[in-house]
Structure formats: structure tokens, C-alpha cells
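Listed below, chain by chain, are the residues.
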Amino acid sequence: MTASTEPSGCVSVQDSFCQRKSRSTCKRQPSAREEEATVKEPLDLVRLSLDEKIYVKLRGDREIRGRLHAYDQHLNMILGDVEETITSVEIDDETYEEIIKTNKRMLPYLFVRGDGVILVSPPLRQ
Amino acid sequence: MSEAGLADLVGVTISVITNDGRNIVGTLKGYDQATNVILDDCHERVYSTKTGVEQLVLGLYVIRGDNIAVVGEVDDELDSQIDLGQISAAPLKPLAH
Amino acid sequence: MLFYSYFKTLKGKEVTVELKNDLAITGTMHSVDQYLNIKLNNTRVVNEQKYPHMMSVRNCFIRGSVVRYVQLPPGSVDTEILHDATRREARGG
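Residue numbers (UniProt numbering), protein chains in the order written: chain A, 1 to 126; chain B, 1 to 97; chain C, 1 to 93.
Calculated from the structure, these hints are not laboratory results.
It cannot be assumed that every hint is accurate.
[What the hints assert, rightly or not] The calculated label-pair distances, taken between Cβ atoms and stated as ranges, are: (1) A:L45 / B:L56: 50 to 58 Å; (2) C:R88 / B:A90: 44 to 52 Å; (3) A:E98 / B:D79: 37 to 45 Å; (4) A:K40 / B:V57: 54 to 62 Å; (5) B:D41 / A:T95: 46 to 54 Å; (6) A:R105 / B:V57: 21 to 29 Å; (7) A:H74 / C:T79: 14 to 22 Å.
[To be verified] Derived BS3-like pairs (lysine-lysine); straight-line CA-CA distance at most 27 Å: (8) A:K101 / A:K57; (9) A:K104 / B:K93; (10) C:K50 / A:K104; (11) A:K101 / A:K53; (12) B:K50 / C:K13; (13) C:K13 / A:K104; (14) B:K93 / A:K101.
From a predicted model like this one, the values you see are computed outputs, not experimental measurements.
Backbone N, C-alpha and C define an ideal beta-carbon position, used for all residues, glycine too.
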């Protein structure tokens, strides 16, 4: 098989993906602006969070704060300036007390696969 | 080639990591779209913290793609330099979806 | 298709793929398909002491469904293109 056997649909997406930059400086059509402001379904709210700092809760006691740069209908995402927090519980050997530990790390850019996403919370106000 | 298939690994020794954390090594005989694979002359490498790696002979296996995490191309030369009996590690965790 | 298209632009770049079994593999992006299965070349496992399971593997195929994160090289992220592509996809593209 070769790359040329791709369905034509994805080629056109690729093309528009690559060419978009030149057009991005153009003023948006009024209709597009109206479209942008309406919230009819949950993902519209995510769209309004583009280029904003968001909070994402993930499976496996993980949380992420970062700037949303891209997402799709699966909630796959690309975030920037990411702070990931992993929470774990350890049992003290002697007192058997539960000790809650949090590990943090910073990552410049991160792709997050949508199937691990539990919730997305729009812009953090600070 | 932009394909992310397994075509170039047919006939080659591969190491499969399954979703339950097992490691199966054998010769790739075939595969399909769903990443189902046929492995010939394969064996499982059982990792443990107490002893070195143990190898279990399995034979000819078909592994269902849904249960495959990683397919690695084994560098036979590198692999022959490794003394598995001296390697001790916890088994890989099962995949938490 | 957005992320499929984006990952194709990463060909030849070094990424770290973190799996849902906590294994992290660094390597050069070789290819990606519609399921976001990823092939990496020149791979090495992060923390090989703890994870010697892939010591003799230099090229690998990672099933898209087992990926938790992909750590992206900063220079390869053009946020403006991503914003526009995302808006277009959200509009039903």
C-alpha cells in the first residue's frame, strides 16, 4: 500500500490544515462570529475555551491544567504550558494511615488522548 | 511510506506487549487491519523481581489486536547480547483504560 | 482527522509516547494512521532500569488505543494553525 491510497477526504483535510495559516489573518465573516458565540451542545463550550487555560480531569487520578490549542469530537486535545498532577495514596507502614501524595510535572506541549478524559472545565479565573 | 502498518515486520522477530502486561516474542507471520497477529515459534518472557526472566515456550499463537499494546521489532543482535537470566524487573502493569 | 493530519506533520520529529501502562517510549515519529497508531524509530524506554522489557527493541508500533499522552516537541506546535483547524473541524469539517 502507498500513501496515495488514502481516501480523498483526508487529503483535503490535510491540505486545508496546511494552507490555513495564510488565511488566519483575514477578518471573520459575521455569520462565523455568530456561529462562534452560540452554545448548543457541550463541545461548543469547549470551543469557547480555545486558547484559554482549562482544567482537565483524567482517569487514573490525574489532572491537567494548561492552555487548550486543539481538540476534536473525541476530546483528544493538545494543551500548552501543561501542569500535570498525579494523586496517589500510600499507606504508612507503621500507623497504617493513608498518606495522600501529589506529584506534579510541567510539560511544554502535550497531546492528550480523549478516552482518558473525565471532564473539561472552561477557563480558570485567577 | 506513511502507513503505520506491520508490513515491514513480517518474517521478523517481534516482541508484543499485551494489555495485561505480558511480553511475547516470536516471528511475525501475518497481521491484519485490527492488529491481530500470527506469531510463530513464540515464547513468553516472564519478568519477576525475585528471579531473572523465565522463558515459556508457547509455539504458534494468534493474538487478538484488541489485547495488543505495543509491537516492537527485536534487534536480534542486541537481543543475543542480553543475558535474560540476569534481568530482574517487575512485570509491566496491565493497561488501565 | 485533525490529529491524524497534525501527527503526520511530526514525521521525523522526536516525541515521547506515554502509555496507559505507565511505560514511556521516546523515539522518532515514523508514521501514524487513522486510528492514531504510531510507529517510532530509534526508540528508548524512559527509565529503562524499571522497564527492561524492550531493551532489544529499536523500532516499534504503538496501538493508538493504549496511548495516554504524546509529549510534543515545542518547535513543532504552531498554535495558530491548530486553533483554526480546530474551529473548522468544530464547524463540521
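Now for the hints, and whether the structure bears them out:
no., hint, in the structure
1, A:L45 / B:L56: 50 to 58 Å, "51 Å, holds"
2, C:R88 / B:A90: 44 to 52 Å, "46 Å, holds"
3, A:E98 / B:D79: 37 to 45 Å, "43 Å, holds"
4, A:K40 / B:V57: 54 to 62 Å, "59 Å, holds"
5, B:D41 / A:T95: 46 to 54 Å, "53 Å, holds"
6, A:R105 / B:V57: 21 to 29 Å, "41 Å, violated"
7, A:H74 / C:T79: 14 to 22 Å, "20 Å, holds"
8, A:K101 / A:K57, "17 Å, holds"
9, A:K104 / B:K93, "21 Å, holds"
10, C:K50 / A:K104, "20 Å, holds"
11, A:K101 / A:K53, "24 Å, holds"
12, B:K50 / C:K13, "39 Å, violated"
13, C:K13 / A:K104, "26 Å, holds"
14, B:K93 / A:K101, "20 Å, holds"
Hints 6, 12 from the earlier list are contradicted by this structure; the remaining hints agree with it.
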